[in-house]
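**Student:** What follows is each chain in one-letter form.
Protein chains: 2
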Amino acid sequence: MSKMLVIGSVALDTVITPVGTSEDILGGSATYFSISASFFTPLNLVATVGMDFPDCHRSLIKGFGVNIKGLETKKGKTFRWTGSYKEDMNCAKTLDTQLNVFADFRPLIPKECKNSKYIFLANIDPDLQLHILKCFGDNKFVGCDSMNYWIQNKPCALKKLVKKGTFVFLNDAEAKLFSGESNIIKAGRYLLSLGPRFAIIKRGEYGAILFAKDKVLCLTTAYPLENVCDPTGAGDTFAGGFMGYLAKMNRVNDQVVQKALLYGSVMASFAVEDFGVNRFLKLKKQDIEKRYNRFKKLTVV
Amino acid sequence: MSKMLVIGSVALDTVITPVGTSEDILGGSATYFSISASFFTPLNLVATVGMDFPDCHRSLIKGFGVNIKGLETKKGKTFRWTGSYKEDMNCAKTLDTQLNVFADFRPLIPKECKNSKYIFLANIDPDLQLHILKCFGDNKFVGCDSMNYWIQNKPCALKKLVKKGTFVFLNDAEAKLFSGESNIIKAGRYLLSLGPRFAIIKRGEYGAILFAKDKVLCLTTAYPLENVCDPTGAGDTFAGGFMGYLAKMNRVNDQVVQKALLYGSVMASFAVEDFGVNRFLKLKKQDIEKRYNRFKKLTVV
Chain A
1 MSKMLVIGSV ALDTVITPVG TSEDILGGSA TYFSISASFF TPLNLVATVG
51 MDFPDCHRSL IKGFGVNIKG LETKKGKTFR WTGSYKEDMN CAKTLDTQLN
101 VFADFRPLIP KECKNSKYIF LANIDPDLQL HILKCFGDNK FVGCDSMNYW
151 IQNKPCALKK LVKKGTFVFL NDAEAKLFSG ESNIIKAGRY LLSLGPRFAI
201 IKRGEYGAIL FAKDKVLCLT TAYPLENVCD PTGAGDTFAG GFMGYLAKMN
251 RVNDQVVQKA LLYGSVMASF AVEDFGVNRF LKLKKQDIEK RYNRFKKLTV
301 V
Chain B
302 MSKMLVIGSV ALDTVITPVG TSEDILGGSA TYFSISASFF TPLNLVATVG
352 MDFPDCHRSL IKGFGVNIKG LETKKGKTFR WTGSYKEDMN CAKTLDTQLN
402 VFADFRPLIP KECKNSKYIF LANIDPDLQL HILKCFGDNK FVGCDSMNYW
452 IQNKPCALKK LVKKGTFVFL NDAEAKLFSG ESNIIKAGRY LLSLGPRFAI
502 IKRGEYGAIL FAKDKVLCLT TAYPLENVCD PTGAGDTFAG GFMGYLAKMN
552 RVNDQVVQKA LLYGSVMASF AVEDFGVNRF LKLKKQDIEK RYNRFKKLTV
602 V
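Going down the list, the protein sequences come from chains A and B. Heads up: the first sequence runs through residues 1 to 301, numbered per this note's numbering. Heads up: the second sequence runs through residues 302 to 602, numbered per this note's numbering.
The reader is advised that the hints may include incorrect statements.
Said to hold, decoys possible - Below, a list of computed lysine-lysine pairs in the PhoX-like style, where the Cα atoms sit at most 25 Å apart: (1) Lys296/A / Lys560/B; (2) Lys213/A / Lys460/B; (3) Lys215/A / Lys415/B; (4) Lys296/A / Lys516/B; (5) Lys304/B / Lys259/A; (6) Lys415/B / Lys297/A; (7) Lys213/A / Lys160/A; (8) Lys304/B / Lys387/B.
Please keep in mind that the hints were generated in silico from the structure rather than gathered at the bench.
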């Protein structure tokens, strides 16, 4: 039985980048997270889709060893997102969002998932994230993600959530907005002050910073890439690699978490090399190890 | 006799940052470079100032063990620069530039400096940088810096210069402009294609990338700082630490250059902690080693 669970979105995305356009492709936070984590550990996915969700996408996710018993099909349409990226690829511009069945997402946690040890609450309403957390026992490590919308509209619920989480994942803009700090180190310190054991600030092509015990525990650049095709899902892919590695090691301590930061970066570097989750269709475990080792060598010591 | 030489500007700066304003303080590329490098090696400085240049600044530079015999005093005023920084501190806005005596800078290389082995040509007219290079023999390592103005107005001269240099130092915006590439790895590859042995792209608070042999040799984040006071001179300070370390080791190979990248980052992290060169007045060599070791630990391995 798998120890890991992700609760989030499964979506149909339309992505426009300088490289090209890709329509109605498989996307969503839970999709990216679970496919990334699947290279390290089996896991369960809880999400909802509409009647229009293609069977081939369902098979694709399943093909990675992800248990999709918790992927509910509801009357209506699947969550759809359309976004575009300019030359620098650092920031998506949302052109259209249709929540559809995701608007009423009230995840049912399958019984066999209730003693999951590694849980990722992808970006949804923090009140809902808090509600979901009540389903689980004490022996768990929880990662939470969020976004500007919830920081601005539900800051109190988000603070409660972050307090209960083991890991909080935010990007630099979100961390600065949430903390009210323009300095990223102060922003990280603020996140830790809310109570989680670790805070991870993602900086896109510039890497990530891991905070623990009131200070920077470690930091990394991003793996250098000459060709970036589609940055969509890089953050969830990062979290999937990070938490997937922890579940694989089945230990959470400073040293393991440092390595997890590097594995998360490596997985994100693969994600952006093709549209959607395409890059993972031809990815092998040895490719991950190879890039991990190359990445280590590139990092100054 | 010192093996190292820097040719650049010595200036009086007025700097406005969110932390405060500092008027008519000692600045200039050669100042920052030489003070930073002086922690690793003795060196000579060649620059020009006006009659208004305070003796105390002269003594201050000299106090770091920098030979200022090549600091010429000319009739007229010293080069003055006024700039301001907003909250994010990543980019200076130039409010005023008065070249004064620096407009006719035709450096005279003192005889005893002509067999310098480590030479840094700070940002000046690339034709002048090329002219200066003719003064030296073959057994030398040359670092060159430049800026957007020369990239736009004298690209051919700059290409010739980069070809003759051992190291080219540019920031990310400059490297992208010079190469016409929006991807930083492609920009670095372009710089190498011009002929230098190493290319270093500086990314401010995000670190630096070192390119060699047609690829990324290593990359680093910046040392994480909670309080940034004044980013002026960080790039020249970085180059000073980088080349100073090379001169100290008196070796240029991949391994030494990788370490130099880290020492450059450490020196830059000190520079920005106070206005102008103030931080260096109380800096000790053991502070550098301490931060270098802490930095290494923070970098994921």
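**Student:** Next step is simple, just say for each hint if it's right about the structure.
**Tutor:** Right, here's what the structure says about each hint:
1. About 15 Å separates the Cα atoms of Lys296/A and Lys560/B, which keeps this hinted pair within 25 Å; it holds.
2. For the given pair, Lys213/A sits about 48 Å from Lys460/B by alpha-carbon distance, which is inconsistent with the 25 Å threshold.
3. A C-alpha spacing of about 48 Å is found between Lys215/A and Lys415/B, which places the hinted pair above 25 Å, so the restraint is violated.
4. In summary, the hint linking Lys296/A to Lys516/B is supported, as the alpha carbons are separated by about 15 Å, within the 25 Å threshold.
5. Distance check on the hinted pair: Lys304/B and Lys259/A sit about 42 Å apart at the alpha-carbon level, beyond 25 Å; violated.
6. Of the pairs offered as hints, the one joining Lys415/B and Lys297/A is violated, with about 38 Å between alpha carbons and a cut-off of 25 Å exceeded.
7. Only pairs whose Cα atoms come within 25 Å are accepted, and Lys213/A paired with Lys160/A is accepted, the gap being roughly 19 Å.
8. Restraint check: the Cα-Cα separation between Lys304/B and Lys387/B comes to about 39 Å, which exceeds 25 Å; the hinted pair is violated.
Of the numbered hints given earlier, the model fails hints 2, 3, 5, 6 and 8; all others are met.
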